[in-house]
Amino acid sequence: MRNSIFFGCLFAALLFVSSSIQAQEGELQNLLVDNNGDGFISILAFGDSITYGIGDEGEGGGYPSRLELMLNLPVDNEGAPGEDLIPGGMTRYPEAVQKSDFDISLIMEGANDAWKKTSGRTYQKTLQRLINVSVVLGRTPVLMTLPKPEGEHSGVAPFAAGFSNIIRELGKMNQVPVVDLERVWKLSCANKSDCEYYQQPDGLHPNGDGYTLMAQAIAGSLLGLNIFEQGAAEELEQILGLPAGSVLFKAEPQVVEVGQ
Amino acid sequence: MKVKTIFVAFVCIGFLVNCGGGGGGGGGSSSSHGVRVLHASIDDAPLSIVSSTKPEELMQTTRFADNSSYVSVGKGTQNISVEGGQVGKLYSSNFSISDKESYSILFYRHAHTDEARLAVMSDEKPDFDSDQSAIRVVHAVKGAAALLGELNGSSQRVSYAEGGAYLIVPSGLQQISVRREVDGKLLSTRSLNLEAGKAYTLLMSGEVDYLVVSTLLDG
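Residue numbers (my numbering), protein chains in the order written: chain D, 1 to 260; chain Z, 1001 to 1219.
The shape of chain D in the complex, shown without the other chains (with noise of 0.2 Å):
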């Protein structure tokens, strides 16, 4: 009970700073929202070994752990290691969704169809139907982007990255959020051959650091914040109450206008 009111009222604070945000960024929208009204907002985590947090068994569970904690709000781990999004993903959707009342769907497929060398076409058209049953079903897709795969994964970054315009270009078209992981690893690896945020040599699975730049990353834009935004950092840590310094995004760098 003492639980239920502790994250009833934290909740109500979340809600409260990020229809603030909503209003300030404009386009911008807070997605933490009970959409089947059962008084209650849970995330569902839907992908490949990236979800499921590869290499990151010890401390626990990959971006979907961190996520929850982050938020405070159940996030269900579906990410299965190896699965292709077709057919793997696409015909284990529907289950996924359907096993509990979710109001949000995170997907994240692609790395594994890059290996396989899928075609823009098909895995834009099956995207869209995962897009279409999360929607009929009444749960607010949320789409990600794929960081550039590096290292022993370098030979897939080609079709990664067309994936990625083909998820930016889905998000407009059905006007669902996206959350631009590509766009966060490009600003936020120091090393740019070599990024820290990446088990090496294997250069496709996040590590510790990797999965928590992840959970920030979708924290930030599930909030309504535009990530890419100077300030937007330290907003996230005044929001979930994080050390200062402690977000590791980094925001687009400022332009500095010189002269007339």
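By construction, these hints were calculated from the structure, which means they are not laboratory data. Since this is a predicted model, take the numbers as computed values, not measurements. Note that beta-carbon positions come from the ideal geometry of N, C-alpha and C, so glycine has one too. Some hints could be false.
Footprint (simulated), chain D over chain Z, 3 or more residues, beta carbon under 8 Å [said to hold, decoys possible]: (1) 1044 to 1050; (2) 1055 to 1065; (3) 1075 to 1088; (4) 1210 to 1216.
Computed Cβ-Cβ distance ranges for the label pairs, DEER-style [stated by the list, open to error]: (5) Val33/D - Gly1197/Z: 36 to 42 Å; (6) Asn1079/Z - Gln98/D: 35 to 41 Å; (7) Glu252/D - Arg1190/Z: 45 to 51 Å; (8) Glu252/D - Ser1177/Z: 51 to 57 Å; (9) Lys99/D - Pro1055/Z: 42 to 48 Å; (10) Gly1074/Z - Ser154/D: 55 to 61 Å; (11) Lys99/D - Lys1198/Z: 32 to 38 Å.
Straight line, CA to CA, 27 Å or less: simulated DSSO-like cross-link-like pairs of lysine-lysine [said to hold, decoys possible]: (12) Lys172/D - Lys1089/Z; (13) Lys1185/Z - Lys99/D; (14) Lys172/D - Lys1054/Z; (15) Lys192/D - Lys250/D.
With chain D's structure known, arrange chain Z on it following the hints.
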């Protein structure tokens, strides 16, 4: 033994409103007569719809399994075009509409070639008493050449990409079941509270053994 699970989603008006799932949006105002587009392709993005009689005006936008309403398009010969997503631009065949007529344009994918298509269906209702209702099934479920709709002791066969004739039934609570004709596989069963004097369309979409969606529409 491999067990296949069929998921059936019941999408009704109330659900869509409560869950923010849809309702044809954008463009012209809704009407009791006119034209509507039934988006029945699970693999396609939302579509923008334009009537040839008002080419400068966005008539409607609709997404998969939406509960779309009629939009007045004026009378005379015309066609409907849909645009967006993976489709590019697609035109319906010409049809003639008068003031009091209604048409549904079914957007679907060919069962074998996967080509995007539009099918024009007249929504002309039969005469029925004020204590009765009328209902028909529109079939766009991939993986079924034909469906059997069973309601109030009668059965109706509907081929893929077609709409059945309206069945006249007593108003009130009615149980409707929809099966695949070839093997009798149950795809959907639901209880509907049919209002007296009203006609309905039950749009069946999705894919057998994946997700079958049943959307109840007015008219």
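Each hint tested on the structure:
| no. | hint | in the structure |
| --- | --- | --- |
| 1 | 1044 to 1050 | holds (count 3) |
| 2 | 1055 to 1065 | holds (count 3) |
| 3 | 1075 to 1088 | holds (count 3) |
| 4 | 1210 to 1216 | holds (count 3) |
| 5 | Val33/D - Gly1197/Z: 36 to 42 Å | holds (37 Å) |
| 6 | Asn1079/Z - Gln98/D: 35 to 41 Å | holds (39 Å) |
| 7 | Glu252/D - Arg1190/Z: 45 to 51 Å | holds (50 Å) |
| 8 | Glu252/D - Ser1177/Z: 51 to 57 Å | holds (56 Å) |
| 9 | Lys99/D - Pro1055/Z: 42 to 48 Å | holds (46 Å) |
| 10 | Gly1074/Z - Ser154/D: 55 to 61 Å | holds (58 Å) |
| 11 | Lys99/D - Lys1198/Z: 32 to 38 Å | holds (36 Å) |
| 12 | Lys172/D - Lys1089/Z | holds (18 Å) |
| 13 | Lys1185/Z - Lys99/D | holds (23 Å) |
| 14 | Lys172/D - Lys1054/Z | holds (26 Å) |
| 15 | Lys192/D - Lys250/D | holds (14 Å) |
Violated hints for the displayed structure: none, as all numbered hints are satisfied.
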